[in-house]
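Enquirer: Place chain U on chain Y using the hints.
Respectively, the protein sequence lines represent chains Y and U. Sequential numbering of the first sequence, starting at 16, is according to my numbering. Sequential numbering of the second sequence, starting at 16, is according to my numbering.
Just so you know, these hints were derived from the structure itself, not from any lab. Some hints here could point you the wrong way.
[As the list claims (entries may be wrong)] Reference excerpt, derived from the structure (chain Y facing chain U, CB under 8 Å, subset only):
#	residue
1	F245
2	A251
3	G252
Glycine included, every Cβ here is placed at the ideal spot set by N, Cα and C.
There are 2 protein chains.
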Amino acid sequence: MNMMMIFAEDFISGSDNLIKICDDRRLTHLHKVLKVKVGKVCQAGLLNGKIGTAEVLEIGENEIIMRTQLDNEAPPKLPLTLVIAMQRPNTVKKIIHSAISVGVKKIIFIGCFKVEKSYWDSSVLQSESLAYEQLLALEQCVDTCEIEIEFCRYFKDFLSNILPRLAENSQLLLAHPDKEENFSKFIDEERESVLFMGPEGGFTDYEVNMLKEAGAKQLSLGRRILRTEFAFTALAGRFLR
Amino acid sequence: MNMMMIFAEDFISGSDNLIKICDDRRLTHLHKVLKVKVGKVCQAGLLNGKIGTAEVLEIGENEIIMRTQLDNEAPPKLPLTLVIAMQRPNTVKKIIHSAISVGVKKIIFIGCFKVEKSYWDSSVLQSESLAYEQLLALEQCVDTCEIEIEFCRYFKDFLSNILPRLAENSQLLLAHPDKEENFSKFIDEERESVLFMGPEGGFTDYEVNMLKEAGAKQLSLGRRILRTEFAFTALAGRFLR
Numbered sequence: 016m017n018m019m020m021i022f023a024e025d026f027i028s029g030s031d032n033l034i035k036i037c038d039d040r041r042l043t044h045l046h047k048v049l050k051v052k053v054g055k056v057c058q059a060g061l062l063n064g065k066i067g068t069a070e071v072l073e074i075g076e077n078e079i080i081m082r083t084q085l086d087n088e089a090p091p092k093l094p095l096t097l098v099i100a101m102q103r104p105n106t107v108k109k110i111i112h113s114a115i116s117v118g119v120k121k122i123i124f125i126g127c128f129k130v131e132k133s134y135w136d137s138s139v140l141q142s143e144s145l146a147y148e149q150l151l152a153l154e155q156c157v158d159t160c161e162i163e164i165e166f167c168r169y170f171k172d173f174l175s176n177i178l179p180r181l182a183e184n185s186q187l188l189l190a191h192p193d194k195e196e197n198f199s200k201f202i203d204e205e206r207e208s209v210l211f212m213g214p215e216g217g218f219t220d221y222e223v224n225m226l227k228e229a230g231a232k233q234l235s236l237g238r239r240i241l242r243t244e245f246a247f248t249a250l251a252g253r254f255l256r
Numbered sequence: 016m017n018m019m020m021i022f023a024e025d026f027i028s029g030s031d032n033l034i035k036i037c038d039d040r041r042l043t044h045l046h047k048v049l050k051v052k053v054g055k056v057c058q059a060g061l062l063n064g065k066i067g068t069a070e071v072l073e074i075g076e077n078e079i080i081m082r083t084q085l086d087n088e089a090p091p092k093l094p095l096t097l098v099i100a101m102q103r104p105n106t107v108k109k110i111i112h113s114a115i116s117v118g119v120k121k122i123i124f125i126g127c128f129k130v131e132k133s134y135w136d137s138s139v140l141q142s143e144s145l146a147y148e149q150l151l152a153l154e155q156c157v158d159t160c161e162i163e164i165e166f167c168r169y170f171k172d173f174l175s176n177i178l179p180r181l182a183e184n185s186q187l188l189l190a191h192p193d194k195e196e197n198f199s200k201f202i203d204e205e206r207e208s209v210l211f212m213g214p215e216g217g218f219t220d221y222e223v224n225m226l227k228e229a230g231a232k233q234l235s236l237g238r239r240i241l242r243t244e245f246a247f248t249a250l251a252g253r254f255l256r
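So that you can see chain Y by itself, here it is in the shape it has in the complex (with noise of 0.2 Å):
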């Protein structure tokens, strides 16, 4: 972690500044990987509040005292949805690293033709797993805020409850690698934005075609297959800032 994620829960009752952090992860990452002796500033953000600094001002057996001074916003979010089709269960993890480090507003996975059955039922999508594994991301890229990560199961439902919505304002952008065209050409990076990315093997042509005709330009990455998280961040890449 590039900074410790903080929670309402671990300011000591009556202060606004002194926290106690006294769970297994964040002590073993304090005194295993930094090592911290008294005196010790570390990066640290309060979840969904604002960034600063821990000063380390007592170390006990099963407990580490801090002194926080947090004065700094989090990074501002990209003006990014990323809509993509349901994945195995590690790269729904990936990719919501991904997606989270480079600094997206908002993930939907969806399913569509080619996604697994299977797939919906990882473990991975309960709520108390989607939270930790947007913690981890957050404390890599040093930000707060969580983003909220939707499901939308069926493709005919996506179209008519979610997909309207997001076409009012925004450019909808497709990476689908049929066509042999340099993505970049279409991209406006300073407009609110939807990127869709398909399954394994692909959309097919029928939802291909669905998108398109709600108004999605497609982009390639050219000839060579990437993973799909490496995909995904090839294209975010153009709306960093």
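Expert: Chain U in isolation, oriented as in the chain Y frame:
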């Protein structure tokens, strides 16, 4: 693998299109993942040669005979060389994978102040290991052409022996998070380019100055801290076409 790599020694003697696959790695893939039967056609490519298909003709107990038809050129490489500080072994693998996948033409791992000396002893750097990582990446991204992976242990040697040659014909781009500049402004994606990336903890001021004196322009990915392989992919994505 999205393409099975074949090697000159796979060809049955006297034939220019019949191959015999008898190594565990590819046999396992053909049997377990592709579940091939006679007549099945797979994507295949000859190492450092052309890309096409291989059709299953015979399935023996410990071998599979296939007929190849290799008509297409490998995809062109990007006009991009990656010069990156030596990383921990797992990150080296990820960097090789992502750099080869996007199509860089060369990777140079260099030493600098904040590189841990032990990284240079990693077994990942042995030539068989490097060749294997390349192979996996090429099979994933559907390319056949190996690239040069070079090592220069001392920053001083890099400055005097390698950098001047790189600087001659290329724009030099330094990914370094100190500056709050939008990196996209500087990049001319059509030009032959060299991208410098630092170690965990970054290049020192001295190192940054030396690279800038050689003509490198400093780019930032913004306030977020990305894992090395994602930062690389976000930057390399600019060059994809």
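Enquirer: Next, verify each hint and record whether it holds.
Expert: Now the hints, each set against the structure:
1. F245: 5 Å, holds
2. A251: Cβ of Y/A251 sits 7 Å from chain U, so the hint holds.
3. G252: 3 Å, holds
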